[in-house]
Amino acid sequence: MVLKAFFPTCCTSADSGLLVGRWVPEQSSAVVLAVVHFPFIPVRVKELLAQVQQASQVGVAVLGTWCHRRQEPEEGLGRFLEGLGVIFFHEPWLQLCRERGSTFWSCKAIQRSTPPGVPSEDQVMLVFYDQRQVLLSQLHPPAALPDHQAGDAPASAGGLAAVFDTVARSKALFSSDRFDEGPVRLSHWQSEGVEASVLVELAKQAAGPACLLLSFLLSLLSAMAACRLFRLWPLPFICSKLSTCEQVRHRLGQLSLVFSTQKAENPTQLMRKANVLISVLLDVALGLALLTWLHGKDRIGQLADALIPVADRVAEELQHLLQWLMGAPAGLKMNRALDQVLGRFFLYHIHLWISYIHLMSPFIERILWHVGLSACLGLTVAVSLLSDIIALLTFHIYCFYVYGARLYCLKMYGLSSLWRLFRGKKWNVLRQRVDSCSYDLDQLFIGTLLFTILVFLLPTTALYYLVFTLLRLLVVAVQGLLHLLVDLINSLPLYSVGLRLCRPYRLAAGVKFRVLEHEAGKPLRLLMQINPLPYSRVVRAYRLPSCGCRPKLSWSSLCRKLFFGELIYPWRQKGGKQD
Amino acid sequence: MCDQPVTNTKEAKWQKVLYERQPFPDNYVDRRFLEELRKNIYARKYQYWAVVFESSVVIQQLCSVCVFVVIWWYMDEGLLAPHWLFGTGLASSLIGYVLFDLIDGGEGRKKSGRTRWADLKSALVFITFTYGFSPVLKTLTESVSTDTIYAMSVFMLLGHLIFFDYGANAAIVSSTLSLNMAIFASVCLASRLPRSLHAFIMVTFAIQIFALWPMLQKKLKACTPRSYVGVTLLFAFSAFGGLLSISGVGAILFALLLVSISCLCPFYLIRLQLFKENIHGPWDEAEIKEDLSRFLS
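Residue numbers (our numbering), protein chains in the order written: chain A, 1 to 579; chain B, 1001 to 1297.
None of these hints come from the bench; they were simulated from the model.
Mixed in with the good hints there might be a few duds.
Unchecked claim - With the Cβ distance kept under 7 Å, some of the chain A side facing chain B (calculated, not the full set):
no.: 1; residue: S187
no.: 2; residue: L444
no.: 3; residue: F456
To be verified - So, partial list: chain B residues that the calculated Cβ filter (under 8 Å) puts toward chain A:
no.: 4; residue: L1120
no.: 5; residue: S1122
no.: 6; residue: F1133
no.: 7; residue: V1136
no.: 8; residue: T1139
no.: 9; residue: L1140
no.: 10; residue: E1142
no.: 11; residue: V1144
no.: 12; residue: S1174
no.: 13; residue: V1187
no.: 14; residue: A1211
Unchecked claim - To spell it out: a stretch of chain A is covered by chain B in this simulated footprint if at least three of its residues, at any positions, have a beta carbon under 8 Å from a beta carbon of chain B; those stretches are:
no.: 15; stretch: 431 to 441
no.: 16; stretch: 445 to 452
no.: 17; stretch: 489 to 503
For each residue, glycine too, the CB sits at the ideal point set by N, CA and C.
Extracted from the complex, chain B is given alone in its bound form:
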């Protein structure tokens, strides 16, 4: 390269390579250096109301927990008769069951291949086991202090909210763990109730609200979005009302939380989207593909 004629250097094109000798100084930066840089090519444009609609899943789950706690409080205080709760729960479960098949015209059932006999068996298992174990549940935490039980329940319900499958694709999501934590919390709380019948009905209610209701919600959201919004609003208002009857401050705080999640958070998401700067280009990102475990051991 060194013995090339000097006239050629003027026409020589700068190349973005290091392995060839080029007639430029070391600190030379060409105009074309960053021409392949792209910004935010995968950034999504969010619509405000679409985000609000999606956030309703979180609202629903918060409301479920709230409703559960409120109902437990009523049961513990003796203001709510267990028979009434059982009747209501049974009726709403039956309605939900019928709706579950009606919404998509039985397509989901055909796809999963689950028979009605299996449903009946599951229901029977729930009822039998809960009823059989309710006397055990009644005396289970007698010697444990109430504060411990409350702390454990709060911890478990928070865990339920954290690990719940809101539709995000993340490693932390585990619907099994979240459901188990909710059931654990419900068993803990049910063991503080005055009688074993109360405990039985509380656990049954927990299954309905934590296991069955999200399934119906998912189907509602997929098939009839309008009615889903209505149901969410209704559910949120009823949770708010229930909490209001116990504590005004708690209700206001809860309402603020709901509003901030459903209105403020989407607004902020869209605002902060403007400041997004993801750069993409024809370079290789440093990526460690090797199995690191052999270095750790």
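The shape of chain A in the complex, shown without the other chains:
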């Protein structure tokens, strides 16, 4: 049976003493956490271990002895170390020894209980680990087993998790400083910059009241938003359709999460808070940059001057399109009367639209100026606002699309049911199938008359529908791109990505082992290195929830809806609203 001993690299040059750590019987591995130096009082060591055990809920015990021979070998020390095994009883009793001038370590594990007389020895494999990295890193549930680079390192995922967990939980053991004069002197990993942590402490002290104040302000804001005046009929409906409102609401929720005074329960939640904070900060920074760009050199005025001609131009192009449709477009056989009626109807709408735009034109600049101010809330809010403005400015296209789609939908459904009547069938609602049915003479006559009329009018309606659907899809695509940008800023876990970039070991996917020494008769020495999590998995694991404007339709169902003339909506829909 091979026994694994996990040994921290920072203790390799420590003085001789006792090995303190945890024994994991399932993996038959010993995780060494620290070395207790000579001289010590055994009772004090036991007291310390009991304290640590109470604080961390980890079974910390003395695992064996550590002997670092700097001078010539002393006969007495070896015997003394063996004697210690009687005071701190542990099964098995590890005996690590580093020879001077030799790269090989001697390593023994003694089972005392098996035969009472002669102590039996197990084979021991030494695995070195960086205590700081293992302490700070967060092991992610590995998709595959950790890489076995050197030999067959028998460390399964569960064993690794136990090692990581042990080191992370026994933080209390590492609280004592190297320079402290305590009853027991320990050797383990220590933070280098203790002095700088004064600033951190100050920030920690200040953060509490600041968070309290901010969360109070936020709750005030949300209480205002929830007041009864805003619950009146049209407002919630409009709010649910405007992406700006959704974005502001989303940001409010995120901020209240960040500034809540509750402590994060687990590292994932902490990471999420940090991600949200960084994303909001970046968003606001980008928004401020946009704001300074917009408000410098009278760019707002230029934009407003350009906007009205563009809207006019769009309306003019639409008029040309309609006139083309009212002729004989592409040599299609259209019904002239219906064509004229539809064309005039749409032309009248464009006329209305142009007069509306011209009525608005004196106020456009002021509106844009105020809209520009909203960029200080963040780039995402500004982009959402832009998407809403596009939606409002292309309202005529939306209207045309709805008229066309409704007409076409009516025709398609009428034709499909009349075609069943034409064949003498009908749709059985109860059994969800087509049954044959005997109709009356007048039913048949009227059905066939309508069928004939609809068949001959279908191409005209279908052409209008097709053209306006294409226009609509163009607008929807532009809005979709804007929403995608907002989603990207909203959901990208920037903090996690930065952490992965600067401190790869903090997000561990697994470990790999490198062989340090391997020679027959000597214990195998391995170095454990942490495999960082790949970027794709970082993004996937820590992606923030977006505000749900992702298209829920699959392509096939979208095509089906387009074919049958059902309305497609670009704007976000909550799960319940979708039919």
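Given chain A, work out where chain B should sit, using these hints.
Just chain B now, with coordinates in the frame of chain A:
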């Protein structure tokens, strides 16, 4: 069986079974092998004139289509005033309606439970809808080429003739589909007429000749066969006359078609009946009763 005495084999009767060992060679065919075979037990003996009488349904329907096309041609050419056609149609419909009840003394009406008020409502629906939609019909196919309309109408009228319920019990028969196809064709043709009044009267005429006239025919055929023959002859001659006034060749071809259907086809049916050889016997025919759809999916 093998240890049976040899004397028994002479008296052993041949049995038409495979599951018993018999003292005959494998290629042995007994005299009684085909004695249960029967031929043509369900073949019907047709009387020539009865078949001719039955074929009159087909004649009637052909004539209906012919008359409809002829009338449409007259309307399209402007030779027939719509008022006159409407008056004639109305008068003949009223006569037909009265006859419809008189022939069987109102028994059919009692059986179906249909009131006169329902009839009036149906008539009103026909008239109102046709009249209301006639301006739409007028402009419906303006941009579609005339040849397309003709092709579509011919196709639809052929479909009407194919799917019509001539009394045969077949899967292809669907009186609904046949009537719908006729109405579709009539709407297509009516949309080519010069004015909306023409279109209205053409569609009304189509209802009369394709929907109402077959109902009256059926009743006539069931109750008074003699008068039915007379009506058929009269109808056929009038169709022939109408077609003659448009095209002589067409009329002659039509007459040949009618004669071949009413005289030659029955003759051939009876002649070919002699060559019929249906065999029946006490064997099981291979018959697939299982639902095959589960293998197809």
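Could you check if F456 of chain A really has its C-beta closer than 7 Å to a C-beta on chain B? This interface hint holds because 5 Å falls under the 7 Å limit.
Does L1120 of chain B pass the interface check with chain A, least Cβ-Cβ distance below 8 Å? Cβ of L1120 of chain B sits 11 Å from chain A, so the hint is violated.
Against chain A, run the beta carbon of V1136 of chain B and see if the smallest gap drops under 8 Å. This interface hint holds because 6 Å falls under the 8 Å limit.
Once the shortest beta carbon distance from S187 of chain A to chain B is found, is it less than 7 Å? It is violated, given that the least Cβ distance between S187 of chain A and chain B is near 74 Å, above 7 Å.
At a Cβ distance under 8 Å, does chain B reach at least three residues of the stretch 489 to 503 of chain A? Violated - the stretch 489 to 503 of chain A has 0 residues with a Cβ nearer than 8 Å to chain B, which falls short of three.
Are 3 or more residues of the stretch 445 to 452 of chain A near chain B, judged by a Cβ distance of less than 8 Å? holds (count 7)
Just to be careful: measuring from the Cβ of L444 of chain A to every Cβ in chain B, is the smallest value less than 7 Å? Holds - the Cβ of L444 of chain A comes within 7 Å of chain B, reaching about 6 Å at its closest.
Classify the hint on V1144 of chain B as holds or violated, based on whether any CB of chain A lies nearer than 8 Å to its CB. 5 Å, holds
Does V1187 of chain B pass the interface hint, meaning its C-beta sits closer than 8 Å to a C-beta of chain A? 4 Å, holds
Hint check: 8 Å Cβ-Cβ cutoff, S1122 of chain B to chain A: 5 Å, holds
Agreement of hint A1211 of chain B with chain A interface, Cβ distance less than 8 Å: 6 Å, holds
Interface hint status, E1142 of chain B versus chain A (Cβ within 8 Å): Interface hint status for E1142 of chain B: holds (6 Å vs cutoff 8 Å).
Checked against the numbered hints given earlier, this structure breaks hints 1, 4 and 17; the rest are met.
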